[in-house]
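Enquirer: Please work from the sequences and hints to get the whole structure.
There are 2 protein chains.
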Amino acid sequence: MAGFIKSKIRAIGYSFIFGLILAISLSCSVQQQKKETALLPSWNDGQAKQSIIDFVNRVTDKTGDDYIVPSDRIAVFDNDGTLWSEQPAYFQLFFAIDRVKALASDHPEWKDKQPFKAVLENDMEALAASGEHGIIELVMATHAGMTTAEFEQIVRDWIRTAKHPRFNRPFTDLVYQPMLELLNFLRDNGFKTFIVSGGGIEFMRPWVEEVYGIPPEQVVGSMGKLKFEFRDGKPVLVKLPWIDFIDDKDGKPVGIHRFIGKRPIAAFGNSDGDLQMLQWTAAGPKTHFCLYVHHTDEEREWAYDRNSPIGRLDKGLDEARKNGWTVVDMKVDWKVIYPFELQER
Amino acid sequence: MAGFIKSKIRAIGYSFIFGLILAISLSCSVQQQKKETALLPSWNDGQAKQSIIDFVNRVTDKTGDDYIVPSDRIAVFDNDGTLWSEQPAYFQLFFAIDRVKALASDHPEWKDKQPFKAVLENDMEALAASGEHGIIELVMATHAGMTTAEFEQIVRDWIRTAKHPRFNRPFTDLVYQPMLELLNFLRDNGFKTFIVSGGGIEFMRPWVEEVYGIPPEQVVGSMGKLKFEFRDGKPVLVKLPWIDFIDDKDGKPVGIHRFIGKRPIAAFGNSDGDLQMLQWTAAGPKTHFCLYVHHTDEEREWAYDRNSPIGRLDKGLDEARKNGWTVVDMKVDWKVIYPFELQER
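Respectively, the protein sequence lines represent chains A and B. Position one of the first sequence corresponds to residue 80 (the working numbering), numbered consecutively onward. Position one of the second sequence corresponds to residue 80 (the working numbering), numbered consecutively onward.
Because the hints were derived from the structure by calculation, they are not lab data. Please note: incorrect hints may appear among the correct ones.
Because identical chains cannot be distinguished in the list, a pair is counted as satisfied if it fits within a single copy or across any two copies.
[Stated by the list, open to error] BS3-like, lysine-lysine: derived pairs with alpha carbons at most 30 Å apart: (1) Lys180 with Lys394; (2) Lys313 with Lys401; (3) Lys365 with Lys318; (4) Lys141 with Lys271; (5) Lys190 with Lys414; (6) Lys242 with Lys328; (7) Lys306 with Lys328; (8) Lys304 with Lys196; (9) Lys328 with Lys318; (10) Lys328 with Lys394; (11) Lys365 with Lys304; (12) Lys341 with Lys318; (13) Lys341 with Lys313; (14) Lys341 with Lys306; (15) Lys192 with Lys306; (16) Lys365 with Lys313; (17) Lys196 with Lys365; (18) Lys192 with Lys394; (19) Lys318 with Lys304; (20) Lys141 with Lys190; (21) Lys365 with Lys328; (22) Lys313 with Lys271; (23) Lys401 with Lys306; (24) Lys401 with Lys341; (25) Lys401 with Lys190; (26) Lys414 with Lys313; (27) Lys271 with Lys192.
Expert: Here's what the structure looks like:
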């Protein structure tokens, strides 16, 4: 899968370079049009795609008023629902459920204790009823106590072997092909791409470099407390069962400021949890670009917005329309959703 | 100053490229020796300099067992006492003192309250007696309440205008020329350089890119809590008077794991506060390099180690010797300390 994505990424990179050479050698506007069609190939022509290309053209045009130096070309991406799917539950929840099952024999008390009982009985309704608090309890109880190195290995093993219930494919197969192209398009134009996700930072870092081309140091996420100590004479970092930082809603601009220290000029999200990140980006003094992915494709992916318990997009949708932010209509704007569709064609 | 450093950095970059071309076109070992002399020109030939060059040669030699891919070439640097001086007090304390004086008219109660009273009466002994707690109180009281953008502007203004009491020069004149060369040498060899400092992250970010060539997103430091809110209809981040994270001692490996998410292969420090960072680096599975700057030059800089209240190097010095880490003897190993000495020659 990753190899496939890598070769995709490479192919897109080549086509972009080819496009650039074309644009340089032939300067009439018809050729310019051709070049732009070759960009973002999984995006249908339309307002969303055009708004991205226009923005990138503006900030990279040295002769224009909107030019931005490469070191300030910071682009931030939410992960769940923006770079990969998030239904029927955040994928990290499937990971935590698998951890509960793996650890259950060491914890006989879980049989009678929610939310663990719900997980062990496959009672998704009871699990949902435990709410956000219950899910955080699951994550903390199953992630804490081990060293960061041990946890990393568990994530690596899980991401390689676990399957999504609807597609029966590895979860990383459910990344969005058009967003992979967008990440590459931005990087090809001098942008530094960051993930800014409510998901666990240590749950993402082991695989996002291979899948998205984003290195660990460009990942911002939620995190638990850590403790430095010596085990068997070697220094280790131990995961503690306490939350340190929730990188969601109001936390996203805080996380951006903490980790990046610069205001982004482009922000990509899909839910009200990303609204403050988009507002923070939009309030900058420079040219900026804000985009919401709107989940409108029940057949190929999922359709949900204002009333969804996961990835609710309500206030954000209103604000996007009011401010003229780009709203991607997945059903209309994306030729393919997942990379594996390209193989199946 | 910054322009001068930049032109220095550029000159060093050019000489390195020239050195490389030389090495490629002439391959006998005498020429190799010449090339290495051209590297790190402010370092005297000796064990410290040679250990750096040997390490870089080993990890960049694709045919050797110690080769490390560029994306794993992470180097972390303490700031105070490692990249710039830290005597007679951490430079951020001078900043906090200036802030107390600037804000005193709005705080009549400070006249009778320590540690503010000590600052207003220039009573450095009483200030020292207030200890670490007193200094943190100063920093929190004078840094909190404003927005991050307002604070950034204050730091920028201060760093441009404030003068060090001994040298009567901007504080950024007191960066170490040999360390600037080292930063560039590592970057020229594919390393990504990070600051990992006990100092305030927001105190460093406004100027370290210009002075050290390290962008804001590669700075890890101590930080206060932040709050996202709207002021006059615009989103802002407000600095709160509570500590969020102290990036010192045990905190340094935690900060590295949080912000970088990868174990460094090279770590540079000068005090016991850096020991855990060096231990964490040394415990990695790959080739690594640990270096302590030992302040031994009373005349050109300062001489202090085991009994110094600031930048104490005691346990770290023992451990460095036990583990064979490189210990720089400033007086012996460095031809010049500060960049301005090059102008004065």
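Enquirer: Each hint needs a verdict: does it hold in this structure or not?
Expert: Hints, one by one, checked against the model:
no. : hint               : verdict
1   : Lys180 with Lys394 : neither (37 Å within a copy, 45 Å between copies)
2   : Lys313 with Lys401 : between (55 Å within a copy, 16 Å between copies)
3   : Lys365 with Lys318 : between (39 Å within a copy, 23 Å between copies)
4   : Lys141 with Lys271 : both (18 Å within a copy, 27 Å between copies)
5   : Lys190 with Lys414 : neither (46 Å within a copy, 69 Å between copies)
6   : Lys242 with Lys328 : within (29 Å within a copy, 41 Å between copies)
7   : Lys306 with Lys328 : both (27 Å within a copy, 12 Å between copies)
8   : Lys304 with Lys196 : within (26 Å within a copy, 36 Å between copies)
9   : Lys328 with Lys318 : both (24 Å within a copy, 18 Å between copies)
10  : Lys328 with Lys394 : within (12 Å within a copy, 44 Å between copies)
11  : Lys365 with Lys304 : between (35 Å within a copy, 26 Å between copies)
12  : Lys341 with Lys318 : both (29 Å within a copy, 16 Å between copies)
13  : Lys341 with Lys313 : between (36 Å within a copy, 17 Å between copies)
14  : Lys341 with Lys306 : both (28 Å within a copy, 16 Å between copies)
15  : Lys192 with Lys306 : within (28 Å within a copy, 35 Å between copies)
16  : Lys365 with Lys313 : between (47 Å within a copy, 15 Å between copies)
17  : Lys196 with Lys365 : neither (51 Å within a copy, 43 Å between copies)
18  : Lys192 with Lys394 : neither (36 Å within a copy, 47 Å between copies)
19  : Lys318 with Lys304 : both (6 Å within a copy, 22 Å between copies)
20  : Lys141 with Lys190 : neither (64 Å within a copy, 54 Å between copies)
21  : Lys365 with Lys328 : within (23 Å within a copy, 38 Å between copies)
22  : Lys313 with Lys271 : between (35 Å within a copy, 25 Å between copies)
23  : Lys401 with Lys306 : between (45 Å within a copy, 25 Å between copies)
24  : Lys401 with Lys341 : within (26 Å within a copy, 41 Å between copies)
25  : Lys401 with Lys190 : neither (50 Å within a copy, 51 Å between copies)
26  : Lys414 with Lys313 : neither (51 Å within a copy, 37 Å between copies)
27  : Lys271 with Lys192 : neither (45 Å within a copy, 47 Å between copies)
When the structure is compared with the earlier hints, violations turn up for hints 1, 5, 17, 18, 20, 25, 26, 27 and for no others.
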